[in-house]
Amino acid sequence: MIYADNAATTKMSEAAVHTMTTLLQEVWGNPSSLYVHGQKAKEVLEQAREEIAAVIGASPREITFTSGGSEADNQAIRSVAEWGRLKGKMHIISTAFEHHAVLHTLNRLKREGFEITLLDVHENGLIRPAEVEAAIREDTCLVTVMTANNEIGTVQPIREIGAVCRAKKVFFHTDAVQAVGHIPLNVADDNIDMLSASAHKFHGPKGVGFLYVRKGVPLFNLIEGGAQERGKRAGTENVPGIAAMATALKEADAKRETNAAYLTKLRDRLIRGLLEIPHSALNGDAACRLPGNVNFCFEGIEGESLLLLLDDKGIQASSGSACTSGSLDPSHVLLAIGRVHDVAHGSLRLSLGEDLSEEDIDYIIRSVKEVVAYLRGFSPIWRDLMAGKKQFIL
Amino acid sequence: MALYSEKVMDHFRNPRNVGVIEDANGIGEVGNAKCGDIMKMYLKIEDDIVRDVKFETFGCGSAIASSSMATELIKGQPVSEVKKLTNQAVAEALDGLPDYKMHCSVLAEEAIHSALEDYQKRTGKSID
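Residue numbers (my numbering), protein chains in the order written: chain A, 1 to 394; chain B, 1001 to 1128.
Here chain A stands alone, though its shape is the one from the complex:
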């Protein structure tokens, strides 16, 4: 089996599994209890907080544990919005291709009276800091731009965007769910006020994440009911999950440079191979992208049938086709970079992991070529394109 859907989720590392299972059996106390067993859990929790903070250049008090990236995004945006509402600053800047955890939260705020500006992400899928600067107004409270896109993997110039926000005294949040553990990140150097992360994207467990909030940035809680996380997130902490997240992040960070170099080599080999398919195109900038992300559109075919046939060949990937989402529209990310519906339906995302070899990449290339040719063989669109009745887009 070739697993090429690491942007969806990753397999837990052995070390993270070990941390988690050990704690489940041995340290099951409630960190809020005052007896020894509870205090042991509290120690584990605080050690995880220190380790995670160290990796991203934060102080431990700036880390709040959440149930994952979506909760962290919701809490970050909602917090600054609440502050903005009190200050009469009800304008938020974001981008058209954010994760739905951000976009849906912004839609809700729009209904509550906020004004939302979504920046153009351009054909290469990259935000321009000058356009962020131009969009900032007197009443802007927040800029939220993802560090790396979850579908096309483009890595944004967040340090420059952060600098613009700092100069204009506007809070800057980044959804770094796809980036943490994969590319270098430092909240101080990168001028980040708030950052969301999710453990299962870097070989940690599902259902755990964290929100970094720089000291002095407003933070309100979404979940009421207890004093955990300094009153900012009620609910008994998922101690084994949080500790396993810390284990996974330390490990990912230690191997980051080696893994990134290796994955970049595999990625570029795969991109070169797939570009040999006629009327295909890489989605997103070729250089400013996550080490393991490959995303293509193939004209004349539909993504779900491509995925099912690749699955038959033992390759697990994903697509931005409407049929894989249960809606009629293809991926909002592909539409945002200007891919028209006709070709956005024929997209394929392969997000690679360190366990893959060059032989695996060559097998993927052969398989995709074979399946695309097969599906085009009985596609009425392809027939019209080949007969000159329709113009090729790609």
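In short, the hints are calculated from the structure, not lab data. Careful: at least some of the hints might be erroneous.
[As the list claims (entries may be wrong)] Subject to a maximum C-alpha distance of 27 Å in a straight line, what follows is the list of computed DSSO-like cross-link-like pairs (lysine-lysine):
1. A/389 to B/1034
2. A/168 to A/215
3. B/1044 to A/389
4. A/369 to B/1125
[As the list claims (entries may be wrong)] Here are the simulated distance ranges between beta carbons:
5. B/1095 to A/168: 58 to 66 Å
6. B/1081 to A/391: 39 to 47 Å
7. B/1088 to A/227: 56 to 64 Å
8. A/388 to B/1077: 30 to 38 Å
9. A/391 to B/1095: 37 to 45 Å
10. B/1005 to A/286: 57 to 65 Å
11. B/1081 to A/265: 57 to 65 Å
12. A/287 to B/1095: 46 to 54 Å
13. B/1032 to A/287: 30 to 38 Å
14. A/388 to B/1086: 32 to 40 Å
For glycine and all other residues, C-beta sits at the position ideal for the given N, C-alpha and C.
On the provided structure of chain A, position chain B as indicated by the hints.
Chain B only, in chain A's frame:
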């Protein structure tokens, strides 16, 4: 639980009656690329019987399987029977489709009805 029934996967992996009939006397095309599904049906009708049928489909697994199953259901059938084909019959023959994929069976029904209308237009024969 798998997304699709065994039968859907069988017709998706090994679609029946794929291709084009050069001398078809009824051709129907429905759907559009914007929505991600296009089905094209070719009929060869002789003596009010569907002697041959072929299809081409751009679409998801259930669209391809629905096209394939629809061609199987009408091949060799009299026109009077073919025009009664419903999307439910296609979906049932496939042992069901997920709710949000039922529109694929609707597309198959529409493609065949559209091809029958084309046949009527070309030949002037009534299919009522």
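Checking against the hints above, which ones are violated?
4 and 10
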